Each structure stands twice: as structure tokens, then as C-alpha cells.
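Trainee: The listed protein sequences correspond, in order, to chains B and D. The first sequence begins at 9 in the numbering used here and counts up one residue at a time. The second sequence begins at 27 in the numbering used here and counts up one residue at a time.
In case anyone wonders, no lab produced these hints; they're calculated from the structure. Warning: the hint list may mix true and false statements.
Said to hold, decoys possible - Taking lysine-lysine and the BS3-like style, the derived pairs with C-alpha atoms no more than 27 Å apart in a straight line are:
#1 B:42 - B:68
#2 D:135 - D:314
#3 D:67 - B:68
#4 B:68 - B:104
#5 B:42 - D:67
#6 B:107 - B:96
Unchecked claim - Quick list of the computed label-pair ranges, beta carbon to beta carbon:
#7 B:102 - D:85: 50 to 56 Å
#8 D:399 - B:93: 49 to 55 Å
#9 B:115 - D:85: 30 to 36 Å
#10 B:108 - D:399: 41 to 47 Å
#11 B:108 - D:113: 57 to 63 Å
#12 D:83 - B:21: 33 to 39 Å
#13 D:113 - B:21: 19 to 25 Å
#14 D:395 - B:100: 40 to 46 Å
#15 B:69 - D:95: 23 to 29 Å
#16 B:69 - D:40: 58 to 64 Å
#17 B:21 - D:53: 24 to 30 Å
#18 D:53 - B:115: 38 to 44 Å
#19 D:73 - B:102: 28 to 34 Å
What the hints assert, rightly or not - Now the stretches of chain D that chain B is said to cover, found in silico as 3 or more residues with beta-carbon under 8 Å:
#20 60–72
#21 94–107
Every value quoted in this text rests on a predicted model; they were computed, and no experiment measured them. Just so it is clear, CB atoms sit at the ideal spot from N, CA and C, and this is done for glycine as well.
In case you want the letters, here they are:
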Amino acid sequence: MSTEDHLSLLQGTLDLLILRTLQAGPAHGHAIVKAIEQGSDDVLLVEQGSLYPALHRLIKRGWITYEPGTSENNRSAKFYRLTPKGRKQLAIETSKWEKLARAMARVLRPA
Amino acid sequence: MTKHPLSDLDAEIRDHIERETRDNIDRGMAPDDARCAALRKFGNPALVLEDARAVWIPAWLDHLRQDARYAVRMLRRQPGFSIAAIATLALGIGLTTAVFSLLHNVLFKPLPFADSDRIVIVSETWRNSFGSASAGHFHDWTEQATVWEATAAGQAATFNLAEAGDPERVAGLRVTPGYFDVAYMAPAAGRYFSAADVAADARLVVLSHGLWLRRFDADPSIVGKTIRLGGEPHLVVGVTPATYALTDPSRSGVVGGFSSQLWTPLVIPPERRANYGNHAFLVLGKLKPGVALAAAQADLERVTSGIARRNPEEMEGRGVIAQALPELLVRGFRTQFWLLFAISGAVLTIGCVNIGSLLLARATMRRREIAIRASLGGGKARIVRQLLVESLVLALPGGAAAIGVAAAFIQYFVTRGPAFVPRLRDAGLQIEVLAFATMVTILAAIAFGLVPALRAARLDLQRSLRDAGKPAWSGRGHDRVRSVMVVAEIATTVVLLAGTGLLLRSASRLSSVPFGFDAQHVLTARIALPAARYQEAPAIADAYRRILEDMRASRGVEHAGAATTVPLIGGSPDAAVQVEGRVVAVGSQPSPHIRLFTDGYFAAMGIAIVRGRAPQAADIAATAPPVVVINERLAAALWPGEDAIGKRLSTWTADTNPEWRVVVGVAADVRTFGQAEAVPLELSIPYTQAPSGAWNAFQRGMVLVIRTRDVWPADQVAPLRRAVAAVDATVPLYDVRPMDQVMVSLTATRRFYLRLILLLAAAGLGLAMLGTYGVIAYFVADRTPEIGLRMAIGARPGEVVGMVMQQGLRLLALGAAIGVPAALLLSRAIRSLLFEIEPTDPVSHVAAVALLMAMTALACALPAARAARVDPITALRHD
């Protein structure tokens with residue numbers, strides 16, 4: 009059970025990061041991972057494969073969708089993008105996360 | 027349309043890794059290292075695929091998968107139990123499914139004809155029986171009743187077919203053109219004959235699919251060709267589809283001629299239009315849409331009472347009955363099939379109870395595991411679900427194996443079952459049958475899994491955890507449930523055995539009924555002379571005389587004779603009898619079955635003449651005064667308390683003028699139509715003195731009967747063929763069989779059912795005894811310390827055995843107390859299958875309980891012996 013809790017925390021974080029990344033516009037899987045890595049100055053190193061189950065989870069919830077496209081080397085690739093519902097969810101999740109982060113900060117470094 | 031996101035995930039992953047590799051190379055890595063690094067960073071692609079897939083699996087399904095995986099592990103750990111349970115289920119479900127396939131194909135499925143639920147058979151009734159109708163009735167019913175869309179009359183006929191191969195006798199039906207409107211299916215080739223076709227030239231024929239395949243090699247250009255039937259050319263107009271015949275016509279026929287091999291037009295001469303006394307036709311009709319059977323019956327009664335008003339004497343006691351064809355076709359088998367279904371269901375139930383009982387015992391042993399799961403927060407529903415999934419995991423392989431068992435049983439039913447059951451040969455594993463098997467499998471899993479699962483969930487956690495290591499004194503609750511289960515098994519078995527006992531006793535009663543003739547050393551064969559060359563009675567009689575004279579000269583032949591109907595072979599018309607010097611209302615005269623016979627017939631058939639004599643060749647010359655032989659029943663009916671010999675009677679006269687015939691002999695009563703049928707009234711007329719029109723009614727056919735001495739009946743087949751060929755080489759001999767074989771095939775159906783029911787009852791009994799053994803063995807294991815204690819303080823082994831046996835007998839007594847009343851009640855349902863045995867027959871019921879008592883004692887003996895050998899020291903230390 010403890011591992012499950014741990015995973016779900018990680019999942020939630022990754023979900024939020026994906027939503028945040030897609031706010032900038034549609035992207036394919038590899039680009040999303042790169043954006044997360046670079047955006048966090050390579051602090052947040054996700055195991056790249058775990059991106060895909062997370063993407064599917066978000067598709068299932070209706071927060072993102074995808075369309076087939078062609079990448080630069082003429083391969084078919086999927087471009088993921090936010091749905092309106094996902095955009096709303098991103099706002100909710102972000103504020104939740106900020107609350108959590110502020111609370112954590114207060115506890116860990118009491119002024 | 028967008029594809030599912032999973033559809034090209036693996037390509038997407040490959041693409042991802044390649045991009046990463048390229049990025050790495052751009053950063054200056056060597057290509058191999060770049061790829062390795064990319065792979066490392068990505069993680070296990072197989073795992074990613076699985077995780078992504080898992081996203082799309084609903085949660086309940088995922089839980090189910092986990093439960094199933096766990097259940098499989100549990101079952102693997104106890105292979106003995108699993109195999110026994112799966113085998114029991116395979117047998118029970120397989121049998122039930124096979125019998126369901128019979129029900130589905132024979133009883134439930136609509137007939138293949140268009141709107142078959144509107145097809146009815148109309149018969150004239152006389153007292154309690156119903157039968158063929160007269161030409162007059164057919165026409166009046168057709169014209170005056172308002173319920174019909176179409177009607178038809180038919181008359182069974184056999185034809186000598188000499189086309190494409192050896193001459194052969196094929197069973198067919200002469201029908202009015204409406205027949206194919208009443209029972210319509212699109213023809214496989216050509217068309218059916220219409221009224222206009224028949225009016226132009228009636229020498230037409232519609233072939234059955236089977237005959238077309240067999241005799242004409244499925245010739246695609248058969249339509250329009252001419253074939254010779256009985257020497258006459260007939261134009262083939264069409265071929266019926268394969269499913270038009272409801273049984274394999276070469277094996278057996280069914281009601282309504284729906285197994286004919288061919289159809290030719292029936293033309294009823296205008297002068298017979300007003301004939302209401304000669305009951306010769308099968309009448310069938312198709313109701314208008316929306317007309318209920320009862321309405322049709324009422325309308326036909328109106329028309330029939332009109333006929334009766336116009337012919338009050340002739341119609342005395344006569345009425346009409348309209349019966350739905352689908353119902354009429356299966357009437358004779360419905361009870362048997364449902365009985366088989368009930369019995370296989372009972373066997374399955376007993377099997378499920380056994381498995382449930384074993385699962386309960388196992389649940390007791392698993393108390394600790396279940397308690398731990400419960401205390402860790404697995405909710406009760408979760409535990410019940412887990413255990414139910416375990417039952418399902420047990421049931422599914424059982425159900426799968428059952429399909430194989432069902433296929434084997436169905437094969438057995440189709441090849442060995444009664445051939446005259448319509449559409450029995452269609453029985454198979456159709457989608458409906460498979461759906462039934464699936465449903466039964468799931469129901470069985472719930473049936474044997476629910477009680478153990480619910481009990482496990484109700485478990486007292488604390489006590490279970492505390493006691494788990496100890497012997498199961500606390501398992502009393504389970505013990506009681508298992509005892510209830512065994513009582514139910516025993517009660518079911520009592521019903522099963524009592525029913526089987528009734529059927530067995532009925533069969534033995536039936537087989538001890540004397541036939542009244544001697545079937546040993548007798549060869550029978552049928553033959554019919556074609557109308558084209560044998561128009562006149564003397565020509566016909568002469569042909570038979572020559573064949574028989576030839577046979578009498580053959581070595582080893584003791585007697586040779588022939589008759590139009592012999593016991594167990596062929597049907598015969600009946601006709602009213604008028605007694606000289608007595609005036610009786612026309613409708614209330616006895617109506618015996620009429621046969622024509624040759625000299626030597628009674629001796630060849632081994633039928634005793636109890637009074638008078640069997641007419642010899644000289645007595646029966648065409649010119650001699652007409653004579654008859656009647657059977658004892660007819661003699662008693664016509665001249666009760668008097669000697670019939672020398673009395674005169676008249677029958678089958680074309681007009682109202684009597685043709686007096688002298689009774690010269692009274693023959694012993696014979697069960698002409700089988701042991702289960704009453705002795706009919708019978709009247710035999712010498713073939714040389716046939717009433718006018720009689721030969722046509724018999725299609726100029728006879729059954730030849732050859733009694734041999736010192737040689738096998740089969741040795742006479744070749745001489746018989748030669749004798750027939752010497753008279754007419756184009757006439758086929760058919761149904762050539764020794765008489766004892768005819769008798770065997772007559773009882774084959776009864777023996778088939780009986781064997782099947784015995785097998786099922788034995789399976790049920792065996793399973794019930796296994797269940798009893800299980801509970802008693804558990805009882806002994808459970809009480810081992812108590813038994814040890816008793817023996818330590820002086821109980822003798824005999825007393826211990828007594829204690830165990832008492833347990834078993836208590837279960838038996840309870841089971842019998844429920845089973846016997848149930849058996850007395852339920853056996854009424856098979857009354858129609860019983861012959862001279864009451865459903866409450868005490869012998870059957872007592873024997874059932876006695877057998878069960880003996881078997882229970884046997885089932886208890888082993889655990890009892892084990893109890894008696896308990897070593898007090900070990901048993902007490904064990905606690």
C-alpha cells in the first residue's frame with residue numbers, strides 16, 4: 009500500500025508537469041519529456057517511459073487529446089494538446105500544488 | 027476516425043528512443059553509447075506498454091484479474107481437489123448441455139417450414155382414437171371452414187424406383203398440390219406442382235434432397251428429366267431442400283409424411299367426393315394468420331356436425347380434432363426428453379453440492395488466511411468476491427471440458443438414439459446450446475461457491491485467528507451446513523432411484539408380455555407389385571402364389587406364407603363388420619384391422635389357430651365360398667360366449683349389400699402393434715378372395731414370411747430374391763430382415779432410454795455416496811480426539827463404529843424422509859412412460875431406499891473402520 013501512495017504522488021506530479029508543458033502548445037511525447045527536463049534545469053529527471061502511461065491516463069480523463077501528425081523526419085507521430093477541460097484542471101492542480109508547496113515551506117522553514 | 031491511443035504506442039516508443047538517441051549523438055556521444063543511454067533513460071518498453079494498457083482496463087476488471095490469478099494459484103496447490111471438481115462439472119454440465127441440445131433441436135426450434143406454427147393436422151376421431159379422414163371430410167373441411175389459408179390431403183405410398191441402379195422401394199407421399207402451400211420451403215431446384223400442372227398430367231414427381239443425392243448423384247439437370255416410378259414415367263419438377271425431411275427417411279418416418287423421399291400428385295376421383303366412410307387421407311392445413319387453434323377446432327366441429335346431420339348412422343361416434351403440427355410431431359418424446367433433462371440436472375446438482383461441500387471443508391482450513399485478509403481491511407464483499415472468483419475459475423475449465431463431453435453425448439444420441447424423432451439428427455453444439463452451457467457453468471459456480479463464500483465472510487475473526495492451529499471443534503457450523511447438503515443429495519438420489527426403479531419394473535413388465543407368435547427362425551421381406559402390370563386381383567394373387575410355391579421347394583424352408591400386415595411390420599386399415607342376422611347401428615359396429623393372407627401364413631408366423639382351422643390352398647380358391655379367420659378378441663367381441671366357427675360376417679363392401687364370409691378359424695391374439703399396445707381386433711381375408719379395391723389399399727404389397735428349419739433365416743435371402751426375380755425381375759424386395767431382428771429394433775428405443783437413465787442414475791448415486799463419504803470422513807477426522815478419549819476410558823471399537831454409522835444413518839433417514847414423499851409426488855410426471863405400474867408402486871420406492879441404505883453403509887464403512895483403529899494415545903497427544 010505504501011508503494012501505491014508513493015506512486016500516486018509521483019503520478020500526480022508528472023500529470024501536472026505534462027499539463028503545464030502542453031499549455032504552451034501541442035507537442036509529441038519526446039518533446040514533452042525534453043521540455044520538462046529543460047524547464048526544471050534537469051532537476052526533475054523522469055524515467056522517460058513513464059510519460060506514456062501518464063499521457064494515456066490524461067487522455068482517458070479527457071484532459072488532453074491527441075491528433076496524428078507528421079514529425080520532421082516524415083514519421084507519423086502523435087501531437088498531444090490540452091482540452092478546455094484540461095486547461096481548467098491545470099488551473100485547479102496548479103493552485104493545489106502551490107498551496108501544498110507553501111504549506112510545506114512553512115512547516116519546514118518556520119519563519 | 028481517430029485510432030485508439032494504444033494502437034501505435036510501440037511505434038511511438040521506438041520513435042521516442044530514436045529521437046533521444048539522435049539528441050545524444052548531437053551532444054557528441056558515439057552512436058552505440060547514445061542508443062544505450064537512450065534505452066536506459068526510457069526504462070523497460072514492455073513495462074511501459076503494459077502500464078499504458080492497464081490505464082484503459084476498468085478497475086473492476088483489474089481486480090477480477092488479480093482475483094483470478096490468485097484463484098488459479100490456490101487451485102494449483104490442490105490438484106486432486108481441482109481435478110475431481112472439474113471432472114464432476116464436466117460430466118454434469120456436459121450431460122445437461124447434451125440433453126438441452128435435444129430439447130433445443132427437437133422441441134424448441136421452430137419447424138423449418140414457413141409459418142410452421144400455423145400448420146395443423148386435422149383428423150377424424152372415433153371414440154378415443156383419431157386417424158385418417160375421408161375424401162368427403164377433406165373436401166367439406168376445405169370448402170366450408172373459414173379458417174384456412176391452404177389445405178391438403180396426403181396418402182402415404184411406396185414406389186418401385188428402377189432408375190439409375192438396382193430397383194428399390196422408396197417411401198413417398200401422394201399429395202394434393204396444396205401440400206406445398208401448407209408446408210412451404212423454397213425448393214432446392216425447380217418448383218412444386220400446382221393444381222394446373224396436375225390437371226394437365228399427374229405423372230409428376232418432386233424428389234427429396236436425400237433421394238436426389240443418393241440415387242441421382244445430385245444431378246443438377248434433374249429437373250425436366252423423366253424417371254420411372256412403378257413402371258410409369260414421371261416428370262421431375264423439383265427437389266426439396268435438405269431440411270425438408272425431418273428425419274432420415276431411410277431410417278424412419280414421422281407424422282405427416284415429413285420424411286418422404288418423394289411426392290407425387292394425389293388425385294381424388296370426383297366420385298369419391300361424397301364418400302364419408304372410407305378413412306384414407308392425411309389432412310393438413312395452414313391457418314390464416316391470427317386464427318387460434320381453438321377457433322379452428324370450433325369451426326371444424328361446426329362443419330363436421332353438418333356432415334353428421336346428413337349421415338347420422340355412418341357418423342355415429344365420429345368427430346374431428348385439429349392438432350398443431352409442431353406439437354403433434356414431438357408429443358411422443360416430450361416427456362422422455364424432459365425426464366432426461368431433469369435427471370441430468372439432478373446429477374449436476376448433486377455434483378455441485380459435492381463441490382460446495384468440499385469448498386466448505388477447505389474454507390474451514392483457510393480460515394486463518396481469510397481472517398488475515400479481513401483484518402487487513404479486505405472488505406466482506408471483497409472476500410466473497412474473491413471466493414466466488416475461485417469458484418468461477420474452477421467452473422470455467424469444467425465448463426470447457428463439458429463442451430467435449432456434450433459433443434460426445436450428442437454424437438451418441440444422434441447415431442444411437444431413436445431414428446424417428448424429428449430433427450434429432452440436427453442436434454449439435456449450436457450457439458444457443460453453447461450459451462446454455464455457459465449459463466449453466468456460471469450458475470453452477472454460484473451454486474457451489476456462494477454458501478462457502480458467504481459463510482467465510484461471516485467468520486468470527488478473533489476466534490478464527492486464535493483457533494486456527496487447532497482441530498476444528500469450532501467448525502460445527504460448517505459441519506451442519508455440509509450435513510444439510512448431504513441430506514439434500516440423498517433426497518435427490520431417492521427420487522432418482524425411485525424413478526429409475528419404476529422405469530425398470532415397467533420395462534420388465536413390458537418385456538414379459540407375450541407377443542403371441544414365434545419370431546425364431548423366421549425371415550420377413552416386403553414386396554409390392556406395380557400397378558401398371560398388375561391391375562387385376564387374379565394377376566396379383568397368381569404372382570404371390572408362384573413366389574411362395576418356389577420358396578416352399580427351397581431346402582430348409584418349413585413354411586412359407588405372406589400377409590399384407592404381419593405383427594410389428596406395416597399398418598393396416600380397419601373396416602366395420604356386419605354380422606349375419608344382427609342389426610346394429612352403423613357407427614357402433616366393431617372395426618377390426620383387415621389383412622389379406624396366403625395359405626401357410628399362420629404356420630410361418632407361428633400363430634396358433636385356437637378354434638377351427640387355418641384355411642388351406644383348396645379352401646381359398648377364388649371360386650370357393652369366401653372364408654375369414656378372426657382373432658380371439660374379435661370372436662369375443664362379435665359372439666361373446668358363443669362359438670364363432672361357422673358364423674357369417676361381412677366387411678369392406680363397396681356398397682351396402684353384404685358379402686357374407688364364413689368364419690373357419692379363430693387365431694390366437696397377437697400384439698400386432700407391439701407389446702405396449704393392446705391386442706387389436708383382427709380379421710384376415712384370404713388373398714384370393716380380396717374385397718374389391720382391397721389390393722389397391724394395400725398397394726398390391728405383402729410381407730413374405732419364411733419359416734426355416736435347420737438353416738438360418740438369413741440363408742433364405744438369396745433363394746427368396748431368385749424366386750421373386752423369376753416372377754418379375756423389376757420388382758424390388760425390401761425390408762429384408764429376420765423377425766427376431768425386427769423385434770430387437772422395435773424395443774431399441776425403449777432400451778436406449780432405459781440404458782441412458784440407468785447410467786445417469788448410477789452417476790447420481792455415485793456422486794451422492796461420495797458426498798456422504800466426505801462428510802462422514804470429515805466427522806471422524808474432526809472427532810478423533812473425542813474418539814481417542816472415549817476409547818481411553820473403555821469404549822470398544824464396536825461402539826465407535828456404531829457411533830460413526832449412526833451419523834451416516836441419521837443423514838440417510840433425514841434424506842429419505844424428504845426424498846420419499848418427493849419421489850411419490852414427482853413420479854406422477856412420468857406416468858405416461860410407465861406400463862402397468864403405478865407411479866406409487868411400493869416396490870420401486872422401497873427398493874430405492876434400501877439400495878441407498880446399503881450404499882450409505884458402504885460409504886460410512888471406511889471412515890468407521892478408521893475410527894475404530896484410532897490409537898487413544900496419539901489422538902489425545904494430538905490435541
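Trainee: Hints first: check each against the structure and report whether it holds.
Mentor: Now for the hints, and whether the structure bears them out:
1. B:42 - B:68: Judged against 27 Å, a Cα distance of about 23 Å means the pair holds.
2. D:135 - D:314: holds, 22 Å
3. D:67 - B:68: holds, 26 Å
4. B:68 - B:104: holds, 22 Å
5. B:42 - D:67: It holds: about 12 Å lies between the C-alpha atoms, which stays within 27 Å.
6. B:107 - B:96: Distance of about 17 Å is within 27 Å: holds.
7. B:102 - D:85: 50 to 56 Å: violated, 27 Å
8. D:399 - B:93: 49 to 55 Å: violated, 39 Å
9. B:115 - D:85: 30 to 36 Å: Between residue 115 of chain B and residue 85 of chain D, where Cβ atoms are some 34 Å apart, the hint holds.
10. B:108 - D:399: 41 to 47 Å: With a Cβ separation near 34 Å, residue 108 of chain B and residue 399 of chain D fall outside 41 to 47 Å, so the hint is violated.
11. B:108 - D:113: 57 to 63 Å: Cβ of residue 108 of chain B to Cβ of residue 113 of chain D: about 59 Å, so the range 57 to 63 Å holds.
12. D:83 - B:21: 33 to 39 Å: About 23 Å separates the Cβ atoms of residue 83 of chain D and residue 21 of chain B, which means 33 to 39 Å is violated.
13. D:113 - B:21: 19 to 25 Å: Given range 19 to 25 Å: violated, Cβ gap about 54 Å.
14. D:395 - B:100: 40 to 46 Å: For residue 395 of chain D and residue 100 of chain B the Cβ distance comes to about 43 Å; the hint holds.
15. B:69 - D:95: 23 to 29 Å: Roughly 27 Å apart at Cβ, these two residues keep to the hinted range, so it holds.
16. B:69 - D:40: 58 to 64 Å: This hint is violated: roughly 26 Å between Cβ atoms.
17. B:21 - D:53: 24 to 30 Å: At 27 Å between Cβs, range holds.
18. D:53 - B:115: 38 to 44 Å: holds, 40 Å
19. D:73 - B:102: 28 to 34 Å: 30 Å Cβ-Cβ, so the 28 to 34 Å window holds.
20. 60–72: Answer holds; 5 residues pass the 8 Å Cβ test.
21. 94–107: It is violated, with 0 qualifying residues against the three required.
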